[in-house]
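> One letter stands for each residue in the lines below.
There are 6 protein chains.
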Amino acid sequence: MKTETREKLMTVSVATLATALYKRGLRRQVIQGVHPVGQGTGRNMVGPAFTLRYMPAREDRNQLSEFRKADHPQRVAIETCPEGHVLVMDSRKQAEAASAGDILITRLMLRGAAGVVTDGGFRDAATIGKLDFPAYHTRPSSPTNLTNNEAIALNEPIGCGDAPVFPGDIIVGDTDCVIVIPAHLADEVADEAVEMSAYEDFVVEQVHAGEPIIGLYPRVNEEKYGPRFAEWREKNGR
Amino acid sequence: MKTETREKLMTVSVATLATALYKRGLRRQVIQGVHPVGQGTGRNMVGPAFTLRYMPAREDRNQLSEFRKADHPQRVAIETCPEGHVLVMDSRKQAEAASAGDILITRLMLRGAAGVVTDGGFRDAATIGKLDFPAYHTRPSSPTNLTNNEAIALNEPIGCGDAPVFPGDIIVGDTDCVIVIPAHLADEVADEAVEMSAYEDFVVEQVHAGEPIIGLYPRVNEEKYGPRFAEWREKNGR
Amino acid sequence: MKTETREKLMTVSVATLATALYKRGLRRQVIQGVHPVGQGTGRNMVGPAFTLRYMPAREDRNQLSEFRKADHPQRVAIETCPEGHVLVMDSRKQAEAASAGDILITRLMLRGAAGVVTDGGFRDAATIGKLDFPAYHTRPSSPTNLTNNEAIALNEPIGCGDAPVFPGDIIVGDTDCVIVIPAHLADEVADEAVEMSAYEDFVVEQVHAGEPIIGLYPRVNEEKYGPRFAEWREKNGR
Amino acid sequence: MKTETREKLMTVSVATLATALYKRGLRRQVIQGVHPVGQGTGRNMVGPAFTLRYMPAREDRNQLSEFRKADHPQRVAIETCPEGHVLVMDSRKQAEAASAGDILITRLMLRGAAGVVTDGGFRDAATIGKLDFPAYHTRPSSPTNLTNNEAIALNEPIGCGDAPVFPGDIIVGDTDCVIVIPAHLADEVADEAVEMSAYEDFVVEQVHAGEPIIGLYPRVNEEKYGPRFAEWREKNGR
Amino acid sequence: MKTETREKLMTVSVATLATALYKRGLRRQVIQGVHPVGQGTGRNMVGPAFTLRYMPAREDRNQLSEFRKADHPQRVAIETCPEGHVLVMDSRKQAEAASAGDILITRLMLRGAAGVVTDGGFRDAATIGKLDFPAYHTRPSSPTNLTNNEAIALNEPIGCGDAPVFPGDIIVGDTDCVIVIPAHLADEVADEAVEMSAYEDFVVEQVHAGEPIIGLYPRVNEEKYGPRFAEWREKNGR
Amino acid sequence: MKTETREKLMTVSVATLATALYKRGLRRQVIQGVHPVGQGTGRNMVGPAFTLRYMPAREDRNQLSEFRKADHPQRVAIETCPEGHVLVMDSRKQAEAASAGDILITRLMLRGAAGVVTDGGFRDAATIGKLDFPAYHTRPSSPTNLTNNEAIALNEPIGCGDAPVFPGDIIVGDTDCVIVIPAHLADEVADEAVEMSAYEDFVVEQVHAGEPIIGLYPRVNEEKYGPRFAEWREKNGR
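Residue numbers (the numbering used here), protein chains in the order written: chain A, 1 to 238; chain B, 1 to 238; chain C, 1 to 238; chain D, 1 to 238; chain E, 1 to 238; chain F, 1 to 238.
Just so you know, the hints here were simulated from the structure itself, not pulled from any lab data. Incorrect hints may have been included.
Unchecked claim - Subject to a maximum C-alpha distance of 20 Å in a straight line, what follows is the list of computed EDC-like cross-link-like pairs (lysine to aspartate or glutamate):
no.: 1; chain 1: B; residue 1: Lys-93; chain 2: A; residue 2: Asp-71
no.: 2; chain 1: E; residue 1: Lys-23; chain 2: D; residue 2: Glu-59
no.: 3; chain 1: F; residue 1: Lys-224; chain 2: E; residue 2: Glu-79
no.: 4; chain 1: A; residue 1: Lys-23; chain 2: F; residue 2: Asp-60
With the rest of the complex left out, here is chain A (with noise of 0.2 Å):
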């Protein structure tokens, strides 16, 4: 993704982007259920999607020494996940067992990702929510992945939280929610974002002062707010 794209992502809101995406016809982006891990970091997640995708595990294959082989795929995805990319789990809506751990994921850290999401849960939550890296579930779930999941395919596309992921997609998290915005769509969904932001930060300001939202917020009244939007603007540089 382009460096500007990814800055403007940093500032605007899953919000914004949910209606910059309506407005496309797609209306099912945002990934349902998963928050941020603890008290989160404060500040946008935006990277594009590398997904690991889960299948039920059967006993007989999900044995701890699993773990024990270079090759499994959860293992796989941690050291391989790009810099800068967003790790993106399909757990089925699962959190019964982990889909990871902290030490999985402080090393995602490490390794430069721009943060992890699953519609599932993960173990060791309080420490990750410590973490300054992004990271979004549904609940802290201590049992260990392999009781419920087995890692099955790399950067395939997936659900997760009933939203549609596709390796690439530009995955962006705020202190709310997640949105997955498709790859073609990531730069001029961002711009628009950020027009959005502008004249929405123009409208809480003139609620604070009073306005009715009738007429401001969308902007129908445009006598009225279109030259006080354009001198905010100025204003405030933006």
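Based on the hints, put chains B, C, D, E and F in the right spot on chain A.
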């Protein structure tokens, strides 16, 4: 509602109110599954219900252009909810799309509402959670309202989190939960809850002092705890 | 339970214990869906299980007057749970009504219990969350216990959050989750978990120092990491 | 609705109608989770929607004596639903108590209604299932309506099984499912569905004769299947 | 239970019984979510409850060898359930593994039990459904019982499908549902239900004859329907 | 798969197979929540798995025109599933839109497949249920596949109803359920299940003749039942 009733309800817990209603045969007045957005305000939310009903959104009726109409019911709800009232939204217990966002909730606050409750989720929840305004939902949800919800009616009887809500019912929220007091019971229930709270506070002190709960809570051993409580009330001016 | 076992279990994570039980073929010992009330105490909860079983409440048997009876099983549970034990409540995974409230939990704390777990919800959760006492539930729930639950039996084998709990099993809770260790395995599992934790702490340090996880976690590359870990143990006295 | 439209809709499947609406951007018009009571009638249910909205029942407002009132909305719904209309009930997707029973449904049939749908459950379902009257629900449910539902409003826009239903929308049910056709689309969708059904019936014959589906369904290989279909239409008078 | 009571309960519907209990303030006596296995027997199931409680299965306690023990509680339940009783199983509303299979249910039938209910599922359901024996479950489930359930206790108070069941309560099942009548109410409720059924049957006839329901059901218009019903009773000997 | 294995598996129940796999430590091989479409065929479905994986549909990639492409994976699955194989679809346990309809399933049947399973739902289910072809789903679902599902990959390892399915695993369905036998176990499990079925059939006869189950099922009383069973086998040629 009477000012004294409001003041009393600011001091009691939803748990105490739930018990007072239970005595009257009302068992389902707690709005299930909602909690304060963010850290909450630390004070109770109290006010008569003003309701907004959502129905499933049909795509052709819920394009973004709808919000440009001055009579869109969601916008009208925000601009007409009477001062001191709580806006209660029936979002059909679905949080896949937002019930509202920070701009509308800020406007609602500025207009003097007492709070807002949805059995869905708010977008911009991180921002809403920092307002000095009581707001309750089930989880943050970034997709625009129109994705899933069509605002269809104001001030009808509704369900919210499986509780029945009639316009004018008294809504009380604390750090844990939100309850719906039928309008005609508000005064007597407020009185009773203040009395119950006094006794509960006394009990907590007794328990910290080492008393067992049997005979004390509820007060069966009148001989022992009757006089003690009378003394405590006098000492504490309650 | 042995004092040393308790002390060991105070220092290890539920995740580590889950893996130790997984090795022994036990895959469902984590109580699903519960988390600390409020912010938690920051230390582990450890103690043998003392159980309370709830059944669905029949209205005629669950009037408020029931609580006036000295032999009401919920009250008896609070007053007889042995010191150092964890009270585990089978609330049938339903949080629509409370499993207990702050007065009872305070009394339980005063009596020296080691903690409390329900697969339902507590009322007065904001207060319970501030006690220096480990308590776990699924969410705050203000309706009185009697609304949905009849306390029916003490110290029977129960289910809690889909985990099997026998009286005397060792319950361990941390910031993430709660686990049930079968009584006969507690000593050996505690020993093993202490060993595993030492290695995991070593691994975290190695990862922060830039080591990849393959060969290190789990330890396959004995030649490289065996001596390093031995050195680390000596240096850190573990 | 036009007589010809009704007649056309008697001959097509809900699946075909769902595809016709999908082409128009309407993706959620199927009422989710309902099926015919008992074995069904074997013919389609077709008629404009007449709606009844339930809200959660508050105990004091829902004693059995309520049914003695001539203006109880559920009773009024049964006695005023216009001939040829389908009574659609918003039971909030809850089947813990009945939406209605055999006496009311029999009366509805006698009054000439075209059918009934609830996203809850009927009591006396075994009896209803034997009436020559199309009725759809989620499962049998014996508890009286008042246990969980208060009939609150007639002929409002509602949700039913997560589908939006406006009074006057055309409801079509077959052996599998029920769909809601927006009123203004009914004529054109009926026409289109009849055309589509003709082609689908032709396709089924071709498939039974050994044709592969690629090129045939949908019809891409116009050169091959265009003339064959024309011939089939002529032969079959469709 | 009295023979006459049993005979009366063989002739009335669960819906009628639910209403009779509703009048007495009992709103949750219907076992939610169960239905007859297969096509059912076509006659009511009536008998006092004999209960079996399952808890989550711990793997080491639930090897197939357990079934070799003569005192395995599930086997004991089958061999000791008294004649004329209904075996009610608390399977924690989980059907992922079986509550029992055809061999045990056949034996239960041969021993003279009146029926069986589980809020889980039966294996060999196709076979059970063909026995001339009332059996109710939520869905077929082939995995062996031990996979998920440990039979732990006989004849304790339990929950089944969220209904409270005490040993000796009278269980009645029809084609739609199953209800739990508290033992002390069985005789009076049976009497009342027989009366109610007579009136309901009269009402159905009236409705088929074209009468509206208002004034008739419930009977408000005493002047009109009182004499007619008296005449009907006489004519029909009820 | 070997012809004899197929033949054996045609004669045994999924329940028996589930127990045989349970003995081998495999506890989750039953596909949860599926049942035969309509009345089923009355015979077992047996064949190696050929898989199709769905992911959540992104609107821009799932217009009706997609079906015009000869390489659409769903269409390719239907046209390439090998003779005698069972097509297993991972529909993410969602039945809000169809997994396939009658035209495709008819073609699959004509091409000689052994059956089809989805953990979603089929459209045109009434028609599919009348084909002489084993098909399993969770419920009828009329909305077109594209509404919710994008067919993304053929013959990958998948989950179906929470069971792990690898291409080539042997799928067996009966009137109750569907099970997944790992390919390498099929022969031995088929042999064992035939043996077990013989004993179970013997047991059923004994039970109908009045024998108690203790000692008989499982066979602990070898002295009594060993010779009887031997005799029964001889007599019945099994």
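> Confirm or reject each hint.
We went through each hint and held it up to the structure:
1. B/Lys-93 with A/Asp-71: 44 Å, violated
2. E/Lys-23 with D/Glu-59: The hint holds at about 12 Å.
3. F/Lys-224 with E/Glu-79: 19 Å, holds
4. A/Lys-23 with F/Asp-60: 12 Å, holds
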